[in-house]
Amino acid sequence: MKKIFVLLLSVLSVYAANAQKYISKNGHVSFYSSTPIENIEANNNQAASILDASTGELVFNVLIKSFEFKNALMQEHFNENYMESDKFPKASFKGKITNISAVSFSKDGCYNVDVTGDLTIHGVTKPVTAKGSISVKGETVSAESKFLVQPSDYNIQIPKLVEGKIAKQIEVRIDLTYSKM
Amino acid sequence: MTRLYLLVAASLLTLLTAKGQDLEKLLDESTGNGVNYVSATFKSTRIVNGHSVERMSEGQLDFRISHRFGQLNTGAYNLWGLDQANIHFSLEYGITNWVMVGVGRGTYEKTFDGFTKFSILRQSTGERKMPISVSYFTSMAVNTLKWEVPNTTLPFWDRTSFVHQLLIGRKFNERFSFELNPTFVHRNMVATELDPNDLFSMGAGARLKLSKRVSINVEYYYVLPPMNDYRSQKTYDPLSVGFDIETGGHVFQLFLSNSLAMIEKGFIGETTGNWADSGIHFGFNVSRVFALK
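Order-wise, the sequence lines are chains R and Z.
Residue 129 in my numbering sits at position 129 of the first sequence, and the numbers go up by one each step.
Residue 1001 in my numbering sits at position 1 of the second sequence, and the numbers go up by one each step.
One or more hints might be untrue.
Stated by the list, open to error - Not everything, but these chain Z residues come out facing chain R in the computed CB check (under 10 Å):
{"#": "1", "residue": "L1027"}
{"#": "2", "residue": "D1062"}
{"#": "3", "residue": "K1212"}
{"#": "4", "residue": "V1251"}
{"#": "5", "residue": "L1256"}
Treat the hints as calculated values from the structure; they're not laboratory data.
Glycine included, each C-beta is placed from N, C-alpha and C at the ideal position.
Bound conformation, chain R alone:
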């Protein structure tokens, strides 16, 4: 009988572990390209992500067409000529927070984390690592990260004519607010 009890306990604990998933549907992703000639910025407020708090697994999806530029023509060029968003509608990330054990989801606080995984942009997948932070406040968990992406790594061609206007390294900022799933 004791054994059954132990088993039941373990079942319950699995349940509990299972419940430790967090989702974010209106995450904010922005990117900046800064050159002496022109600064370009785009914002997207429809990023979606799920974080598994027990394993540190992290998935992330963003629709390319939801990036908003100040200049509508630039937005059209971004979709049509650079990202080819009809062919590659999404950018995604699938990876892991490697030091998830350092984060206590039950205690308020801010924790630095290391993220590693595969980033897919423009149909090209590359392994990436980035630093970020997770802050826990009651039921909500928010995550932030900032990293650099090189368009040429993802087969995004930039014509000679505008080379000076688009940075070689684009800074990507991610700001997500998760709630329990």
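Following the hints, put chain Z in place on chain R, whose structure we already have.
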């Protein structure tokens, strides 16, 4: 007892598999795809002379400068038309994402013109499916040429003309777009009694992308012939062929057309050039968009 064990083990297993569920799938399930609007049916608000279904987005100002040179068949003396230039420039602005307005001025008959274009339907996939884009275009033009008949005055309204147009377009695939434009033109005053005040026309335009930044555009308007053929001037249906070249901030359109005027009233009703005897003009439009918002 063993049964109980089995039961517990089985429930454990199902839980474990549930836990191993692909996070990616879970993410796809919990987020919809939304409405996916088709963009860039045409690269510019004009196919060549006439309007396309495209409009300026909210807060975007388009400054356009267009030229039509003289007719090719005027020969070497006029450098095949390049000595003569007709200009049209305009400022066009997106008030909201579905209404744009514009004002312009053209050399042709020293015309001032103003237009409004409403986006009625937008081609989309995803949660809302719409096979076509539809816009409604209406414009008014005022001819400001000096009135040369002595001892008479020309009332203002006799200088005006009006256009109503439905723009029905579809982007068939990444490279090919097509548009049909049923058009009605009313001219308050025409040259002689025999010329029609009202014109009915069916326009057609197409875009074929040759590369990411260059496309070939064709535009033709079939003008319903008037009942009589005693018009003061023989006119032809406008046909234009050219390229759209996009260079980041600008869109350049370079083309050949048998019409000189750059507004609907002129190119639909008053095209006197004929492709068959090289009565065509070289022309270009330059569009520069500024974000005012």
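Results of checking the hints against the structure:
{"no.": "1", "hint": "L1027", "result": "holds (5 Å)"}
{"no.": "2", "hint": "D1062", "result": "holds (9 Å)"}
{"no.": "3", "hint": "K1212", "result": "holds (5 Å)"}
{"no.": "4", "hint": "V1251", "result": "holds (8 Å)"}
{"no.": "5", "hint": "L1256", "result": "violated (25 Å)"}
Of the numbered hints listed earlier, the single one contradicted by the structure is hint 5.
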